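There are 2 protein chains.
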Amino acid sequence: MKPNDLPPATTPWTLARRAERMNPSVIREILKVTEKPGIISFAGGLPSPKTFPVSAFADACAKVLREDGQAALQYAASEGYGPLREAVADQLPWAVDPAQVLITTGSQQGLDLVAKVLIDSDSRVLVETPTYLGALQAFTPMEPTIEAVASDDEGIDVADLERRIGQGADRARFLYVLPNFQNPTGRSMSEARRAALVACAAARGLPIIEDNPYGDLWFDVEPPLPLSARNPEGCIYLGSFSKVLAPGLRLGFIVAPRAVYPKLLQAKQAADLHSPGFNQRMVAEVLKDGFLDRHVPTIRALYKSQCQAMLTCLEREMQGLDVQWNSPDGGMFLWVRLPEGVSAIDLLPRAVDKGVAFVPGAAFYATEPDARTLRLSFVTASVEQIRIGVAALALAIRDQLKG
Amino acid sequence: MKPNDLPPATTPWTLARRAERMNPSVIREILKVTEKPGIISFAGGLPSPKTFPVSAFADACAKVLREDGQAALQYAASEGYGPLREAVADQLPWAVDPAQVLITTGSQQGLDLVAKVLIDSDSRVLVETPTYLGALQAFTPMEPTIEAVASDDEGIDVADLERRIGQGADRARFLYVLPNFQNPTGRSMSEARRAALVACAAARGLPIIEDNPYGDLWFDVEPPLPLSARNPEGCIYLGSFSKVLAPGLRLGFIVAPRAVYPKLLQAKQAADLHSPGFNQRMVAEVLKDGFLDRHVPTIRALYKSQCQAMLTCLEREMQGLDVQWNSPDGGMFLWVRLPEGVSAIDLLPRAVDKGVAFVPGAAFYATEPDARTLRLSFVTASVEQIRIGVAALALAIRDQLKG
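Chain order of the listed sequences is A and B. So in the numbering used here, spot 266 of the first sequence is number 266, and the numbers just go up one at a time. So in the numbering used here, spot 183 of the second sequence is number 183, and the numbers just go up one at a time.
The reader is advised that the hints may include incorrect statements.
Since the list can't tell identical chains apart, any single copy or any two copies may satisfy a pair.
In silico DSBU-like links for lysine-lysine, alpha-carbon gap of 35 Å or less [said to hold, decoys possible]: (1) K288 <-> K32; (2) K50 <-> K402; (3) K63 <-> K288; (4) K288 <-> K402.
In case anyone wonders, no lab produced these hints; they're calculated from the structure. The structure displayed is predicted, hence computed values, not measured ones.
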């Protein structure tokens with residue numbers, strides 16, 4: 001018997017009901033094998049480290065510690081560092097008061113705070129089909145019923161949403177959406193769909209949680225206005241510095257209407273007092289003088305070329321196989337559908353044997369998964385690795401079809 | 001009507017029940033007045049910024065970004081940075097496997113994760129009288145019944161604890177204790193009391209959450225062994241780098257037995273994915289070559305001299321007043337009891353008028369507060385400010401007694 005498998009009876013610990021719901025993801029277990037050296041991974045959601053502005057951070061660190069070291073290292077306000085809140089408000093494409101900005105420890109914490117403040121056990125929340133796995137993990141401990149709203153290439157199906165909202169005590173607490181270059185599918189919501197969704201949600205009193213970590217990573221055309229810009233009092237907006245600067249600083253933000261901001265702030269205080277003030281000052285320093293205006297276009301160009309490389313390889317390698325995929329307009333992921341009868345979970349070990357990894361799409365469904373889907377990241381691997389990895393994936397599919 | 005007072009009916013937001021329990025603390029509102037410039041504050045729990053090793057951090061930052069920049073800025077494992085987990089395990093006074101160490105975003109996050117994993121709504125948790133306010137704030141959202149166990153100058157009253165533990169489904173989920181230089185009282189648990197507590201808890205199957213942010217800040221004598229060292233399988237231990245290095249990096253840790261570690265890790269992942277890898281590497285770098293062995297004694301010496309200064313001032317200024325206080329053996333706080341009929345909450349505005357602030361003790365009681373108590377921090381203000389502030393406090397008490 002391994003030490004981790006000691007029977008619970010030998011311990012005094014009683015776990016909360018919500019802890020029983022936190023199950024080690026089957027997929028996470030599978031993905032552990034993808035960490036073997038030599039595996040080409042299209043699995044992770046890791047930005048390309050080539051895009052991290054290491055020397056700008058080095059300059060900013062040195063400056064912050066030299067000019068403001070003691071304050072940067074002291075306890076600080078739970079709301080976040082004032083100049084960073086102002087910078088966030090300034091960069092958003094609608095009128096945002098910095099007083100409505102709450103700095104979070106990555107946008108994952110934004111999801112955790114939203115869950116704590118808005119979800120009661122057995123209350124209902126609505127999500128896309130499929131949706132971001134990390135959101136499911138953040139919502140689940142608060143014990144909601146999670147309902148998946150039908151979605152297509154333009155985003156949420158508003159007619160299906162209408163049917164599901166409910167009324168009174170049965171009304172869903174919120175709809176969670178990722179309108180730009182969604183994780184996992186890479187899909188974006190069209191202008192028409194955004195307009196229809198916001199009108200429906202406003203008319204029916206359904207709050208929207210809008211998660212936008214990838215919105216700046218467009219290839220050719222900036223996406224339509226965020227939902228929050230169209231109805232700020234009815235939306236909570238989550239943003240992140242992880243994809244435009246670097247994830248290792250763990251900084252994101254919430255923009256929330258006055259009806260919920262004070263509660264999110266109290267939940268933040270109880271969760272970790274505040275996000276690291278040192279990191280907030282570093283980022284505020286780096287953001288000065290329009291840094292993102294120069295930096296983000298380099299990320300867009302890199303990711304566009306990597307996406308193009310993956311699409312080209314898919315065209316070439318998947319010939320004669322009934323494999324489908326989309327062509328995202330930005331972000332980090334594309335979405336693949338395997339031939340009839342081929343399950344992505346079954347395919348994964350075979351693909352890993354051939355040296356390539358991906359995430360089976362099943363991980364991203366709140367309710368019934370489509371077993372034929374899988375997510376490919378095109379940003380972490382190099383173009384050369386993409387070429388080799390897509391060929392290996394095609395080989396694995398061919399083998400799988402042979403049985 | 002102020003914008004923050006818009007009636008809820010104008011918004012689509014329905015708050016979770018737990019959010020209704022998160023009330024803006026009356027005391028926090030009072031303390032806002034203490035942020036006026038010129039007020040001498042004994043209120044905050046802020047370490048002296050003079051103790052922050054700014055130049056060591058500057059060197060560490062530069063080195064980490066130069067040698068390991070891309071990895072430091074990338075997403076990382078939820079458990080924490082390996083070398084930091086090893087450093088934590090190494091510094092603890094009992095045999096700890098680094099695999100049992102979870103790095104957290106400050107030890108406040110440790111409390112949040114413990115609450116999520118161990119508290120069901122209406123389950124019972126036990127705390128000291130008084131106890132750390134931040135723990136109450138972390139536990140409350142999970143909707144427990146919080147019971148205060150009688151406590152004296154040596155710590156928890158084990159006979160009262162025995163009566164309260166309960167059995168079966170009614171058994172308390174855990175006892176939360178802060179055995180060293182407790183916040184708010186500055187009290188420490190004696191060796192005899194620790195032994196009795198651990199024996200009682202082990203015999204009755206009561207888990208202990210041991211919070212130890214101040215244990216390294218002893219003045220003359222190292223405190224007795226932690227409770228966790230005496231029964232590692234029955235205790236979760238929370239530690240922090242906030243008091244020995246700096247709070248602005250937001251780094252703490254949990255040491256947890258195997259029966260609960262995997263659930264704490266899953267809760268951590270859902271809460272913020274991981275604590276900033278950059279900060280973890282900085283601290284691991286600073287900790288090398290026994291840095292704390294040289295640095296912490298300088299903090300101890302400073303805090304001891306500041307505590308001594310405050311005690312001397314109290315002796316001098318409180319003459320003839322029926323005011324009582326203790327003499328802590330370490331940490332950051334001492335605990336004062338006002339004359340009969342004087343409430344610390346009533347005293348605060350008068351004290352602030354005279355230029356000095358403190359935290360009324362009522363903030364720290366889970367159930368019935370002792371209105372005559374208050375907490376003084378002796379580490380943030382200078383010795384000169386302590387002299388002026390204690391005199392102002394005495395004056396305010398005299399005025400208050402006159403009515």
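For each hint, the structure was consulted:
no., hint, in the structure
1, K288 <-> K32, "between (40 Å within a copy, 30 Å between copies)"
2, K50 <-> K402, "neither (39 Å within a copy, 70 Å between copies)"
3, K63 <-> K288, "both (13 Å within a copy, 24 Å between copies)"
4, K288 <-> K402, "neither (57 Å within a copy, 56 Å between copies)"
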